[in-house]
Amino acid sequence: MSTHTTVSEKNATAELGFWMYLMTDLMLFASLFATFYILRVGVADGPTAAEVFDINYVMAQTLVLLASSVTSGMALVSMKFSMKKQALVFLGATILLGVGFLALELNEFIALATEGNSWTTSAFLSSYFTLVGTHGLHIFIGLIWASVLFVALAKQPVVSDNHVRKLSLFTMFWHFLDLVWIFIFAVVYVIGVYA
Amino acid sequence: MNQHESYNAAAKRYVVGGVGSASLILITYLAVTSSWFEKPMSIAFFVLILAFLQLVLQLVTFLHVQAEAKPRWKSIGFVSSMIMITVVVAGSIWVMYNLNYRMHTSGEAMQEYMLEQNKKGF
Numbered sequence: 001m002s003t004h005t006t007v008s009e010k011n012a013t014a015e016l017g018f019w020m021y022l023m024t025d026l027m028l029f030a031s032l033f034a035t036f037y038i039l040r041v042g043v044a045d046g047p048t049a050a051e052v053f054d055i056n057y058v059m060a061q062t063l064v065l066l067a068s069s070v071t072s073g074m075a076l077v078s079m080k081f082s083m084k085k086q087a088l089v090f091l092g093a094t095i096l097l098g099v100g101f102l103a104l105e106l107n108e109f110i111a112l113a114t115e116g117n118s119w120t121t122s123a124f125l126s127s128y129f130t131l132v133g134t135h136g137l138h139i140f141i142g143l144i145w146a147s148v149l150f151v152a153l154a155k156q157p158v159v160s161d162n163h164v165r166k167l168s169l170f171t172m173f174w175h176f177l178d179l180v181w182i183f184i185f186a187v188v189y190v191i192g193v194y195a
Numbered sequence: 001m002n003q004h005e006s007y008n009a010a011a012k013r014y015v016v017g018g019v020g021s022a023s024l025i026l027i028t029y030l031a032v033t034s035s036w037f038e039k040p041m042s043i044a045f046f047v048l049i050l051a052f053l054q055l056v057l058q059l060v061t062f063l064h065v066q067a068e069a070k071p072r073w074k075s076i077g078f079v080s081s082m083i084m085i086t087v088v089v090a091g092s093i094w095v096m097y098n099l100n101y102r103m104h105t106s107g108e109a110m111q112e113y114m115l116e117q118n119k120k121g122f
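Each protein sequence line maps, in turn, to chains A and B.
Each residue of the first sequence is one higher than the last, beginning at 1 in my numbering.
Each residue of the second sequence is one higher than the last, beginning at 1 in my numbering.
Bear in mind the hints are in silico, worked out from the structure with no lab data behind them.
Be careful, since some hints might not be right.
[Claimed, not checked] Which chain A residues face chain B? A few, computed with CB under 8 angstroms, are given here:
{"#": "1", "residue": "L26"}
{"#": "2", "residue": "M27"}
{"#": "3", "residue": "F33"}
{"#": "4", "residue": "Y37"}
{"#": "5", "residue": "I38"}
{"#": "6", "residue": "T130"}
{"#": "7", "residue": "I182"}
{"#": "8", "residue": "Y194"}
{"#": "9", "residue": "A195"}
[Stated by the list, open to error] According to the in silico footprint, chain A covers these stretches of chain B (three or more CB under 8 angstroms from chain A):
{"#": "10", "segment": "7-18"}
{"#": "11", "segment": "33-43"}
{"#": "12", "segment": "56-68"}
{"#": "13", "segment": "88-96"}
{"#": "14", "segment": "111-118"}
[What the hints assert, rightly or not] Subject to a maximum C-alpha distance of 27 angstroms in a straight line, what follows is the list of computed DSSO-like cross-link-like pairs (lysine-lysine):
{"#": "15", "chain 1": "B", "residue 1": "K74", "chain 2": "A", "residue 2": "K166"}
{"#": "16", "chain 1": "A", "residue 1": "K10", "chain 2": "A", "residue 2": "K84"}
{"#": "17", "chain 1": "B", "residue 1": "K119", "chain 2": "A", "residue 2": "K85"}
{"#": "18", "chain 1": "B", "residue 1": "K12", "chain 2": "B", "residue 2": "K74"}
{"#": "19", "chain 1": "A", "residue 1": "K80", "chain 2": "A", "residue 2": "K10"}
{"#": "20", "chain 1": "A", "residue 1": "K155", "chain 2": "A", "residue 2": "K10"}
{"#": "21", "chain 1": "A", "residue 1": "K155", "chain 2": "A", "residue 2": "K85"}
{"#": "22", "chain 1": "A", "residue 1": "K84", "chain 2": "B", "residue 2": "K12"}
{"#": "23", "chain 1": "A", "residue 1": "K10", "chain 2": "A", "residue 2": "K85"}
{"#": "24", "chain 1": "A", "residue 1": "K166", "chain 2": "A", "residue 2": "K85"}
{"#": "25", "chain 1": "B", "residue 1": "K70", "chain 2": "A", "residue 2": "K10"}
{"#": "26", "chain 1": "A", "residue 1": "K166", "chain 2": "A", "residue 2": "K80"}
{"#": "27", "chain 1": "A", "residue 1": "K166", "chain 2": "B", "residue 2": "K70"}
{"#": "28", "chain 1": "A", "residue 1": "K166", "chain 2": "B", "residue 2": "K120"}
{"#": "29", "chain 1": "A", "residue 1": "K166", "chain 2": "A", "residue 2": "K155"}
{"#": "30", "chain 1": "B", "residue 1": "K70", "chain 2": "A", "residue 2": "K80"}
{"#": "31", "chain 1": "A", "residue 1": "K80", "chain 2": "B", "residue 2": "K74"}
{"#": "32", "chain 1": "B", "residue 1": "K74", "chain 2": "A", "residue 2": "K10"}
{"#": "33", "chain 1": "A", "residue 1": "K84", "chain 2": "A", "residue 2": "K166"}
{"#": "34", "chain 1": "B", "residue 1": "K12", "chain 2": "A", "residue 2": "K80"}
{"#": "35", "chain 1": "A", "residue 1": "K10", "chain 2": "A", "residue 2": "K166"}
No residue lacks a Cβ here, since even glycine has one placed at the ideal position from N, Cα and C.
Required output: the full structure, derived from the provided sequences and hints.
Right, dumping it as structure tokens:
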């Protein structure tokens with residue numbers, strides 16, 4: 001057995017550890033999904049899902065987040081092949097698309113709340129704001145993370161393995177958030193409205 | 001991820017994943033906006049199948065899970081999480097559905113019933 005760890009071993013260990021964190025986060029989202037699914041019929045005197053959600057708006061949001069997931073992956077691939085400039089362009093695009101997604105979501109939240117349909121209106125809206133808001137909070141934290149990475153990478157003249165690892169963890173996080181959004185789109189906005 | 005993958009192969013994965021996911025989202029959109037199905041149950045079923053297809057597609061193309069070396073800890077972790085999630089989600093929905101079914105007495109009738117039970121003492 002060797003007494004020192006190689007770079008690729010270190011990367012694999014970090015990725016596995018971060019993956020395990022993502023799995024616990026998945027549990028959190030699963031419980032929020034179950035809560036939403038059960039409470040979605042509890043509209044009290046408030047509006048139903050069909051009355052407050054617009055599929056075209058959510059489609060735009062979904063495609064923006066998907067595009068940002070693709071660009072984050074391309075940033076990682078560029079980094080692995082030591083194309084730092086290209087990596088920064090893709091990471092910058094990821095941040096911009098992420099900000100766009102969050103802006104669309106906040107705009108929807110504000111529109112709902114100002115029309116009197118806030119989280120205090122009904123069990124349906126409480127569980128909706130909790131589920132989608134938790135996802136939005138993750139996106140917000142991811143954006144801070146990506147911005148810090150962007151600045152750190154821009155300052156470095158040479159691409160090191162440490163940078164590749166740091167970016168690969170962020171990329172995993174970002175792909176994970178897109179995976180969760182697939183189900184928010186399907187369960188909350190499509191099944192919630194049409195089924 | 002695979003260290004020996006070429007740049008083109010890696011970039012291709014993301015293009016395939018992105019275009020594939022976008023198509024699946026578009027099919028979901030068309031299915032509900034142009035009412036391909038009538039029964040709510042069929043809509044829900046169809047939409048969930050497409051969502052799971054997209055999950056698998058993104059796991060393969062974005063997260064590249066199939067390239068993981070043995071022992072596949074990430075895949076094992078993911079599968080066991082999915083089992084736990086199925087128990088939590090399906091279990092919660094089942095229990096609450098059952099509760100709703102067995103207690104479908106409404107407002108006042110329920111109030112009376114509870115008062116009656118209260119008189120009997122615990």
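Are there hints from earlier that the structure breaks, and if so, what are their numbers? 6, 14, 17, 28
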